[in-house]
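Quick note, the sequences are listed as chains C and S, same order. The opening residue of the first sequence carries number 1 in the working numbering; numbering runs sequentially from there. The opening residue of the second sequence carries number 1001 in the working numbering; numbering runs sequentially from there.
It should be emphasised that the hints constitute simulated quantities derived from the structure, not laboratory data. Just so we're clear, the structure is a prediction, and the values are computed from it rather than from any experiment. Even for Gly, the Cβ is constructed at its ideal location relative to N, Cα and C. Worth double-checking, as some hints may not be accurate.
Below are the DSS-like pairs computed for lysine-lysine, each with C-alpha atoms no more than 30 Å apart in a straight line [unchecked claim]:
(1) C/Lys321 to S/Lys1015
(2) C/Lys331 to S/Lys1015
(3) C/Lys117 to C/Lys191
(4) C/Lys15 to C/Lys55
Cβ pair distances, simulated, as ranges [unchecked claim]:
(5) C/Pro282 to S/Glu1279: 46 to 52 Å
(6) C/Ser309 to S/Gln1111: 57 to 63 Å
(7) C/Asp188 to S/Lys1010: 24 to 30 Å
(8) C/Gly123 to S/Arg1353: 21 to 27 Å
(9) S/Ile1059 to C/Thr19: 18 to 24 Å
(10) C/Asn46 to S/Pro1167: 39 to 45 Å
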Amino acid sequence: MNEWIEALQKHLPEKQIMTDLADRHSYSFDASFGEYLPEIVVQAKNKGEVVQIVKIANEHQIPIYPRGQGTCLSGGPLPVNGGIVLDLSQWPEEIDVSADDLTVTVSPSVLTANIDKAAREHGLMYAPDPSSAHVATIGGNLAENSGGPRGLKYGVTKDFVLGLELVTPEGEIIRTGGKTIKNVTGIDLTKLLVGSEGTLGVITEATLKLVPKPPAVQTLMAVFDDVRLAGQAISRTLTSGILPSKMEFMDQACIRAVENFQPAGLPTDAAAIVIIELDGHPETLSIEKELIQDIMKNIGARDTVIPESQEDAAKIWHSRKQVSPAIAKIKPTKVSEDATVPRSKIPDMMDRLKEIKERHNVEIVVFGHAGDGNLHPNVLCDKRDQEEMGRVELAVEEIFQAAIDLGGTLSGEHGIGTMKAPFMENELGEVGLDMMRRIKDAWDPNGIMNPGKIFPEKGQKLVLRSE
Amino acid sequence: MSSVKTLQEKINYDKTFDCVQCGYCLPACPTYETMERETHSPRGRINLVKMVAEGKAAIEDLQEPIEKCLGCMACTTVCPTDVQYGEILEGAKEVIEDNQVKSKTQQKTEQFLFESFFPSKGWMDTLGNATWLYQKTGVQKIARSFHLTKVAPMNLDQFEKVLPDLPSPKERKRRAKRFIRKRPATAKVAFFTGCVMDSMFFDTNQNTIELLLRSGTEVVLPEQQTCCGALHAHSGKIDQSRELAKENIKAFEEEQVDYIVNNAGGCGARLIEYHHLFEEGTEWYERAKQFVAKVKDITEVLAELDQINYTKPVEKTVTYQPSCHMSNVQKVKQPPRQLMDKIPGLTLKELDRPDFCCGSAGIYNILNYEDSMDVLDVKMKDVCSTQPEGIVTTNPGCLLQMKLGIEREGASEDMEAVHLVDLLAQAGPVGKWE
């Protein structure tokens, strides 16, 4: 047996080490593409164990891949070069709310939704709400800088991180930031680490910001016969002095898919709908509700629906949640992208997506957090069809290029991981990418922390076809 | 057809593609929680099935993860893409079963258990009688005479502690097979007695008949009925399960009834899926469909007919442990709660996670005792936090498991487990027409 495996066995309880084929296969994938068999899976339940594991990996130069619950859509935890999968999901949950400071300190394994739940007991809120918040760990959210619908008003994960504890790739413990809102002591390592996709170390604790829980919410739905109008309505709303907490977009294909799947009474002949949530004081909401209705009417929306009860509002949001399963019925494989553009460019992006869809004869549906320009074009296909997957590869490449051309970015909230790495230089330029790589090399001299992510190998291309 | 193709078909390779590996099933899965690894999660198991179908793992690699699945189907209630986990699980069990080299003794024991023991009225009566004899005379380890100890050598004594008091064999033999009404009946009901229910929980079955009669129905107990076949299917013996289904379909076709009623969540879940055992378009598929359309849990029928007033207050605080198969497969969730609501004096305090399996899962608690107890411990923590005087269940397996849980907590002074039907019978049921 390998020396490094023996070393791991010496330092960890037997139950936390997996070498059986069945176990290794079970950590070979995430919610994105591809499967890579690791040599070993180890589970850490405290920071002492993380330190030991990372030190052994560094000493023996074995790649190590931190992992939460494996819900990543960009391949973050995939053990692409073999080595050690470091499962942090079984670390006992610790949530320590400091209500008077409006902060909470958490262990990396805490499910994101549980942070908000704990905050609400104190009249507070943890705002980032990725749709997987009830499954995904905060550690994964921090590594990927996850977003969510409420990102429009409140920002994404990085906007809520005050301080971190990290085990460096050489096995040392450092603390960045602190517990205060203002902190300008030196270079902001906290922001550097959030979204670094596990390439700079293992996050072992985080102190997060909380905000007051809004006393009320109000839902509206605007119906459009023209996708461009829907795009304009979003910009018009946001420049009118109102900041909704969510503005979600669904195109006709999504509306129809949902109605076929679980009828919710959405208008199947509409070109698009925008679902809006306002939050704040009830009196403010009743004024803002009227204002938004006027804006929608003036810009030419066919209809604005204001649900009469909370149940009706919940029904509208449920239909938005049903998009993912509903479109999975069209074709089994879903290539879910999160290319993001400046808000004013949403109509242009929609046009580009239509062209791409027709040029490559692929099925593309679009929904997403339109209020912040973060669209989710989903290419629906069947990964058993090699010829189709070839066309999908071309379409996805063009989607990335379209976003960059329009002044946008490759990824709004899912991360770069393996799939988008080949396109990094297109967005950042040669020098920009090189500066990023230099930071990585300085932090991780042996290149053991989550290799194969963010940074492309020479000549790396997007591959969705299996061998 | 190549053997790879055959394997892929049998193991439902195509169905594994419905899983997009999002991981939403993880927080719902009891074994992922207690066994702490993805290998024992729905997503992990489905992936392993796929790996086996693609030749990247052997059937042996799949065996433990599949055997350790409770089959509670909680994952199917949260799956956003509607993966047919039940079918994938059953296919995997069948493939494992076919592939297994078993010792002579094991073969003989299983043959006895599944071909003679569960389907047999005689054996089930004997089990009931023997248990009765055991209770009356204190004969040690009667269960050994059924070779059950060979399957699970260590732990049957744990279960013996919690067996219910049984009526004498004479009483059991005397039961009528048909209850006709002189007045117009509210419905005609055929009662599926179940094998374990009818031997070990005979009183509960009697109470079921009583409640049906007080609801103004006519009740018949078709004599040719047999085991539902759930345990066979759970063990990958699909062919035997199918044969038992045919026998039951035949037995119940003889009677022109509105409902085929059962009081065991696990049996009900099998009965309601009989058509899955046959190929669409065949005669048996159609017959199964007609059978399935009539299958109802006792609580559904009582709540729907709503013909009973409960006259005797039960001044108790109880909690409710729903049967997973009843909630997740039969999708019966509200009727038991509606019925408890009608009992005067009763307070129902819901569990924090009622939909978390108790670990009974057919004979899982006998075959995988330690793992089952880990799941039970999680459940009992939840139970104890509601401080109930009673735990209400709707399935014999859950009932025994909850009794065991109470024993393990040393709480038998403070609380007891009870089948909902028995609780209703305690509450002085009187027909509204009476």
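So, going through the hints one by one against the coordinates:
The suggested pairing of C/Lys321 with S/Lys1015 holds, with an alpha-carbon distance near 23 Å, which does not exceed 30 Å. Our distance criterion of 30 Å between C-alpha atoms is met by C/Lys331 and S/Lys1015, whose separation comes to about 13 Å. At most 30 Å may separate the alpha-carbon atoms for a hinted pair to count; C/Lys117 and C/Lys191 meet this at roughly 25 Å. The straight-line distance between the Cα atoms of C/Lys15 and C/Lys55 is roughly 20 Å, inside the 30 Å bound, and the hint therefore holds.
Against the hinted window of 46 to 52 Å, the Cβ-Cβ separation of C/Pro282 and S/Glu1279 comes to about 59 Å, which falls outside the hint. About 60 Å separates the C-beta atoms of C/Ser309 and S/Gln1111, a value consistent with the hinted range of 57 to 63 Å. The hinted range of 24 to 30 Å is not satisfied by C/Asp188 and S/Lys1010, whose Cβ atoms lie roughly 57 Å apart. Between C/Gly123 and S/Arg1353 the Cβ separation comes to about 25 Å, which falls inside the hinted range of 21 to 27 Å.
For the hinted restraint 18 to 24 Å between S/Ile1059 and C/Thr19, the CB-CB distance of approximately 20 Å keeps it satisfied. A beta carbon spacing of about 56 Å between C/Asn46 and S/Pro1167 contradicts the range 39 to 45 Å that was offered as a hint.
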